[in-house]
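Asker: Assemble the whole structure, with the sequences as input and the hints as a guide.
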Amino acid sequence: PFLKIADQYYCFDYFSLMDNFYRVLQKTLTKHDKSYNWAEVQSYASEKMVENIFKSILPGCTVYRNNYYPIKSSLKNMAENDILILYCGLMFIIEIKAGSFVYTPPITDFDAHIISYKKLIEEPEEQCLRTLNYITAGTEATIYDSQKNVKATISVPNKNNMFTFSITVDNINSFAAKAEKLKFLNLKTPTICLSVDDLMVYRDYFESPLQFIHFLNQRRAATLVETLVLNDELDHLGMYIFNNCYALFASTLGLDEHTKMNYAGYREELDTYFTQLYHKQLHQQKPQQELPDLFKWILKYLEQSGSNDKIAIANYLLNFDFDARNAFSEQVNATYKKQAETQRQQAICAFGEGEHSLRYTCFICQPQVEEISSDDKIEYVLGDIARYNEDDRALINLYFNDMGEFKSLDYKLYTKTDIGDDYDKYYKIGDSHASSRVGKYLSVHKEIGRNDMCPCGSGLKYKKCHGKV
Numbered sequence: 005p006f007l008k009i010a011d012q013y014y015c016f017d018y019f020s021l022m023d024n025f026y027r028v029l030q031k032t033l034t035k036h037d038k039s040y041n042w043a044e045v046q047s048y049a050s051e052k053m054v055e056n057i058f059k060s061i062l063p064g065c066t067v068y069r070n071n072y073y074p075i076k077s078s079l080k081n082m083a084e085n086d087i088l089i090l091y092c093g094l095m096f097i098i099e100i101k102a103g104s105f106v107y108t109p110p111i112t113d114f115d116a117h118i119i120s121y122k123k124l125i126e127e128p129e130e131q132c133l134r135t136l137n138y139i140t141a142g143t144e145a146t147i148y149d150s151q152k153n154v155k156a157t158i159s160v161p162n163k164n165n166m167f168t169f170s171i172t173v174d175n176i177n178s179f180a181a182k183a184e185k186l187k188f189l190n191l192k193t194p195t196i197c198l199s200v201d202d203l204m205v206y207r208d209y210f211e212s213p214l215q216f217i218h219f220l221n222q223r224r225a226a227t228l229v230e231t232l233v234l235n236d237e238l239d240h241l242g243m244y245i246f247n248n249c250y251a252l253f254a255s256t257l258g259l260d261e262h263t264k265m266n267y268a269g270y271r272e273e274l275d276t277y278f279t280q281l282y283h284k285q286l287h288q289q290k291p292q293q294e295l296p297d298l299f300k301w302i303l304k305y306l307e308q309s310g311s312n313d314k315i316a317i318a319n320y321l322l323n324f325d326f327d328a329r330n331a332f333s334e335q336v337n338a339t340y341k342k343q344a345e346t347q348r349q350q351a352i353c354a355f356g357e358g359e360h361s362l363r364y365t366c367f368i369c370q371p372q373v374e375e376i377s378s379d380d381k382i383e384y385v386l387g388d389i390a391r392y393n394e395d396d397r398a399l400i401n402l403y404f405n406d407m408g409e410f411k412s413l414d415y416k417l418y419t420k421t422d423i424g425d426d427y428d429k430y431y432k433i434g435d436s437h438a439s440s441r442v443g444k445y446l447s448v449h450k451e452i453g454r455n456d457m458c459p460c461g462s463g464l465k466y467k468k469c470h471g472k473v
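So for the sequence shown, my numbering puts the first residue at 5; every next one is plus one.
It should be emphasised that the hints constitute simulated quantities derived from the structure, not laboratory data.
Note that this is a predicted model, so its numbers are computed, not measured.
Some hints could be false.
[To be verified] The calculated label-pair distances, taken between Cβ atoms and stated as ranges, are:
| no. | residue 1 | residue 2 | range |
| --- | --- | --- | --- |
| 1 | Val-45 | His-283 | 29 to 39 Å |
| 2 | Met-265 | Pro-161 | 29 to 39 Å |
| 3 | Asn-455 | Val-160 | 24 to 34 Å |
| 4 | Lys-163 | Met-265 | 26 to 36 Å |
| 5 | Lys-76 | Asp-422 | 37 to 47 Å |
| 6 | Thr-419 | Thr-263 | 34 to 44 Å |
| 7 | Glu-307 | Val-160 | 42 to 52 Å |
| 8 | Val-160 | Lys-8 | 36 to 46 Å |
| 9 | Ser-412 | Leu-259 | 53 to 63 Å |
| 10 | Thr-419 | Arg-27 | 47 to 57 Å |
| 11 | Thr-108 | Val-45 | 24 to 34 Å |
| 12 | Gly-408 | Glu-294 | 46 to 56 Å |
| 13 | Cys-15 | Ser-159 | 43 to 53 Å |
No residue lacks a Cβ here, since even glycine has one placed at the ideal position from N, Cα and C.
Answerer: Spelled out as structure tokens, the structure:
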């Protein structure tokens, strides 16, 4: 990618130069030293580099590299996995491809490009699927070293807590970002395909491992949205920053499956930010999600906590959209002040229908305010599940000191199955709470319009709920 003008050489394709620089170095080195095993050194270096990047993003994670496992339960035939990572109940299955992408242009060598994409994307995805199938075949999975010695026996997490990655040394970003949408590839899993370059971007961008994991959930979900086709990995990150659950946002547009949507402009602020990092005199402003102080405090607490549920708690809270985050924080602050005056604990409740709605009952625990018993809190939650026929509801306890500073929390998700045979009992409890919410609303607002939403939380208009004549 050079032009020679008046005995001066100019590079007109900087990115191509940098992407291919080490390939030229490889050819030069192996040409002069035939005994040098470039492939072996490159494989070790690329796997070690990916391992170190994940260790940086997920402090304290457990990494197994160069893993082997039996094919069809026989140690005679072993399959290999590059990297397995365990972190707080999550598992990452990673395959790395250090092979070079075809250097000829596609217009003259189209078939070679298809072969390269299959080698760098489809093959490692198949390896991820094979490893996934082995691990999930039972409740535990044993991995071995190359000499067939047992390396570790791993408890198998829930499939929703397992991520598969296909990572390439060569940067094929524009295709990897939408790999699952390419018809010439036969991908069977929601594997996240990206280059080492983009993985390093995530390392440099995310300051919280819990936010990184929440992003990965959205990134994986995006592979399953047929209508969402993005041309750059940073478009995924940009959409996450500005839309949070961006896969859900894209899937609710009601587009025909044959219609493909590409969103432009989402990576512009990220490009600007990372470019400015090279100029110390510029004041870099990292584009970030809106996150109220309460959520920052909770994330910091969870990151330092040894709780087995901290991933589930963080994912639940980070699923709140930006308005819901602010509203929740304001409600918590107002409730803390009111309880300090009344010396009585009260519940903060959110209601909604559908799989993606937020349904929670939150209690603020503070000094000098008598706390409702744990059994009564559980009854409160199960009562609302029965009264509104909900699939689930979260019980959240937030603990503050007398200065109003957040200290800790506990969280549990309850479902219909927790009601058992006591449906009638809990329905009456829930109905009583519903009537109480209407009464409290009327004590402040005096009246409710017949077409207003009923303040009990049913989601119905007042005239069709507590306003029935």
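Asker: Decide, hint by hint, whether the structure agrees.
Answerer: Results for each hint:
no.	hint	result
1	Val-45 to His-283: 29 to 39 Å	35 Å, holds
2	Met-265 to Pro-161: 29 to 39 Å	33 Å, holds
3	Asn-455 to Val-160: 24 to 34 Å	52 Å, violated
4	Lys-163 to Met-265: 26 to 36 Å	28 Å, holds
5	Lys-76 to Asp-422: 37 to 47 Å	41 Å, holds
6	Thr-419 to Thr-263: 34 to 44 Å	36 Å, holds
7	Glu-307 to Val-160: 42 to 52 Å	25 Å, violated
8	Val-160 to Lys-8: 36 to 46 Å	59 Å, violated
9	Ser-412 to Leu-259: 53 to 63 Å	44 Å, violated
10	Thr-419 to Arg-27: 47 to 57 Å	54 Å, holds
11	Thr-108 to Val-45: 24 to 34 Å	26 Å, holds
12	Gly-408 to Glu-294: 46 to 56 Å	22 Å, violated
13	Cys-15 to Ser-159: 43 to 53 Å	52 Å, holds
When each numbered hint is compared with the structure, violations occur for hints 3, 7, 8, 9, 12.
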